[in-house]
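**Q** Once you've looked at the hints, dock chain B with the ligands against the given chain A.
This is what each chain is made of:
There are 2 protein chains.
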Amino acid sequence: MQTLACTTLCLLATITARTIPDDYHNERRALLDEETLTAVGGKQKLNDEETLANEILMKWKTDELNASYLNPQHFNFSKHYFSYKKDIEKSKVYQIIRSMPKGSVLHVHSSLMLHPDILVKLTYEEYLYACYTNDNIKLQFSKAVPERPCGNKWALVSDLRNSSGDPDVFDAHLRDYFTLYRADGEDYDFVDINTVWERFNKVYYAIKSLISYRPVREKYWYETLKQFYNDNVMYIEIRTGLHSLYELDGTKHNKRYLAELYKNGTDKFIEEHPDFIGVKLILTRHRAQSIDHIVDAINTTRELKAEMPDLIAGFDLVGQEDLGRPLSDFIPILSEAKDEINLYLHAGETAWLGTSTDENLVDAILLGSKRIGHGYALTKHPSLMSALIKKNIALEVNVISNVVLSLVHDVRNHPLATYLALGLPVVLSSDDPGAWSAEPLSHDFFVAFMGVASKRADLRMLKQLAINSIVYSSLDEDRKSRLFSVFNERWDKFIKNVICNKFYRDVEVS
Amino acid sequence: MQTLACTTLCLLATITARTIPDDYHNERRALLDEETLTAVGGKQKLNDEETLANEILMKWKTDELNASYLNPQHFNFSKHYFSYKKDIEKSKVYQIIRSMPKGSVLHVHSSLMLHPDILVKLTYEEYLYACYTNDNIKLQFSKAVPERPCGNKWALVSDLRNSSGDPDVFDAHLRDYFTLYRADGEDYDFVDINTVWERFNKVYYAIKSLISYRPVREKYWYETLKQFYNDNVMYIEIRTGLHSLYELDGTKHNKRYLAELYKNGTDKFIEEHPDFIGVKLILTRHRAQSIDHIVDAINTTRELKAEMPDLIAGFDLVGQEDLGRPLSDFIPILSEAKDEINLYLHAGETAWLGTSTDENLVDAILLGSKRIGHGYALTKHPSLMSALIKKNIALEVNVISNVVLSLVHDVRNHPLATYLALGLPVVLSSDDPGAWSAEPLSHDFFVAFMGVASKRADLRMLKQLAINSIVYSSLDEDRKSRLFSVFNERWDKFIKNVICNKFYRDVEVS
Ligand SMILES: [Zn+2]
Ligand SMILES: [Zn+2]
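Those protein sequences? They're chains A and B, same order as listed.
Under this note's numbering, the first residue of the first sequence carries the number 1, and numbering increases by one thereafter.
Under this note's numbering, the first residue of the second sequence carries the number 1, and numbering increases by one thereafter.
Excised from the complex, chain A in its bound form (with noise of 0.2 angstroms):
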């Protein structure tokens, strides 16, 4: 007895050593605390009826997340976003997602932004020729064959199609030419940047013949306004060379058409969707170009912007960025239009430490960029990271565009988790949703939210994301504060719908 009472004390004695100390456990929560408090959303507040909502939303986050932790193999987000793309419907997370309010878009490219199957029905106007050549396709409507030499012949599309045997084959095939996205699985993996950019332009460049012609280019605008909206979407800034349209008399336009085209199809849809608040552009030229041109975009940006302030944002300079002309080669040019032109700049979409394009941070930020694109090498500049701070720029994000466009192959790499945890200015944005076969915003935000951020991280991130986005926009006050009741309407009826619908509700919260 008196050894079995000695081994219960002993056994006792242990228990008690081991236990956490107090000292030790209040200084780990507050590590963890300060960590939840610094990070985007952290000093959100939710109410009660968004902590419910919250707490579904958690219990699908936590299910899917747990799952792969056991089993990585299953784990989507260290895969290429093409090899889980078809399964993201799946995903109850995707489907709250998909239903809430996300604020705006402000980075995306206006030919990259529209589904390719809404392409494809575009295909079906009158008029149209294809041309065919290696792996490309040159698209033109005409009344008669078109004159211009295309290294192969023109034929009318509604011919080849009828012809074809089975016009579902051709429509999937002329479809390969407007994204990079295939289901089959090929071409999955990982190429260098230079490759894979080079087969964006292709699809940029059979999208640009496509909507090229003015008739086609207001669908194109209404459709995609269209998808943008239902994806919840309520306000867009857009890069555009506004380059110009045709008609088929061979008429062309000049670029301040293609800003009275967005604007009229804008007021248009707003007309059918008053809680949609608008568009602004963002005037782009391409970066390899010479000084001279860049000088020529910059004054027409100025022009337009005169004309049409409430539609015309800023300036930005677009491809890829280790191709083209670094940011120092403009600085003349742009520290002198910087106070009259805001600049929105692609910087940094890059892999490459210490090299022109990765210093295009730098420049960014000395030109007073009021947003910067991407920012992707940010993480390994810690002076700059505080001036990005100090300057209160935000950066727009777009992961599925950085795994597609080959910057990075597991999003748990991606930097924009180490900006979620900093708490710096962050908006997600999309790029090019239409070259990806991706929804609007819901995609990334889904990507982001799952893949990228902490496992911890809830409701109230995914609401600061839409909240910058608004915050970081070109609105003035009066269209942000609109903008806002908008947001915040559906906001209150998205959180209910979370709440009451069976669908989401077949779990048990405490």
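Since the hints were derived computationally from the structure, they do not count as laboratory data.
Since we're looking at a predicted model, the values are computed, not measured.
Hints should not be assumed to be uniformly reliable.
Just so you know, same-sequence chains aren't split out, so a pair can sit in one copy or run between any two.
Said to hold, decoys possible - Each computed DSSO-like pair below joins lysine-lysine, with the alpha-carbon atoms no more than 27 angstroms apart:
no.: 1; residue 1: 202; residue 2: 79
no.: 2; residue 1: 86; residue 2: 202
no.: 3; residue 1: 391; residue 2: 219
no.: 4; residue 1: 138; residue 2: 208
**A** For chain B with the ligands alone, coordinates are given in the frame of chain A:
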């Protein structure tokens, strides 16, 4: 004429307007300088000879990287290490790094240090039996056919080799059990972390079954020291579980025996190589084991440390973090032990943010770990990063290990880039170089310098990394200063060699 003069004037005006403003230029310079100064090595001053050697080094580095910048399909470091391993020796930068004194290796596991080619040589020892089952191998030294069941049948390796028809093919096949590396391109692609760890554990058990035989372990140890010494490593801290060794007659030795074998083998090696400083052991236990096993291992560490204080550095937990217990399970026993036994904990060797594995970083820091193994997840934890700096805890970074064990694909996304930019206390190490057929440390230095660090990072960073490996070792002040003397002497020779060696010098320097 007047028109021409006017044109010239206008042109002049344009040119004048298009120079970079002075204050812009200064601010830009200041930002870049601040970054250089902050980064690891930024405060190192180079003497004249080092400056010259640095110019030679940077000439080659720039040439090699520029070739890839324009042709990124040739950029090795975005690909799997196995795909370019055999080309490394062609690099001039590599040849310089190989000849550079590198100080210490502070993170390496005892059974996985030696190149598989040498392991194959050790299979030529007499009395070695093998049993092949599926894709596993078991090895045992024995006078008679081993009695323990093995799933297939035991046969003498010498018999198998002789009857194989081609001993070279036989050996190549045997070597595949001792390494994850495949020269033929197979299995280069990324597999999920659990699958690769399964393969990795198989390699570990194959090697362990070879080197548990006392006479082979002695040779293994000597060959290992020779390889590290030849790679210009003068001191090693080794993680080891101190398993039991056996003799041909079946005698089994206890843990202490292996500790003594390491010590005696090292002493003998030092006699022959007086500038080799020695080794220390960090005793380990598998993190998936029960708390009682861990307590047992800590007690062993305490006892051995009392007997051989110069040999035993401290304690650590090993094995795949995701599948093991979190450190939080061991807080009571580790916080009790830490005043007596230095901890060198693996933590945050994960891409999973916000999981229990990820939280290991919190506990490693709060438990007063002297250094942290990997700390891969740290960039996503600003508060922990501050705590780490405040407590001056070094990070043991193993880039190639993180690639092979599926944490990162393109090493430009490795968090080391951020750690270097922030000037964190970093040491480079190699974890298990034998398991990936790498040189003891040169491959890791090369990949870090060329693939991860800034293009601008130079000899100062390399020197600082070597110095860090001495500063953050567990050596007492006496042996540390001896190591510094050896290092400095070798460093001067190295610098002279870089400058004088015609081989490096077929390069124009200013
Ligand atoms: Zn973009
Ligand atoms: Zn390790």
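**Q** The structure should be examined with respect to each hint, and the outcome stated for every one.
**A** Hints, one by one, checked against the model:
When the C-alpha separation of residue 202 and residue 79 is checked against a cutoff of 27 angstroms, the pair qualifies both within a copy, at 24 angstroms, and between copies, at 25 angstroms. With identical chains, the CA atoms of residue 86 and residue 202 are at most 27 angstroms apart within one copy only, with a shortest distance of 24 angstroms there and 35 angstroms across copies. For the identical chains of this complex, residue 391 and residue 219 are neighbours neither inside a copy (40 angstroms) nor across copies (62 angstroms), given an alpha-carbon limit of 27 angstroms. Only within a single protomer do residue 138 and residue 208 lie at most 27 angstroms apart by alpha-carbon distance; the minimum there is 9 angstroms, versus 63 angstroms between protomers.
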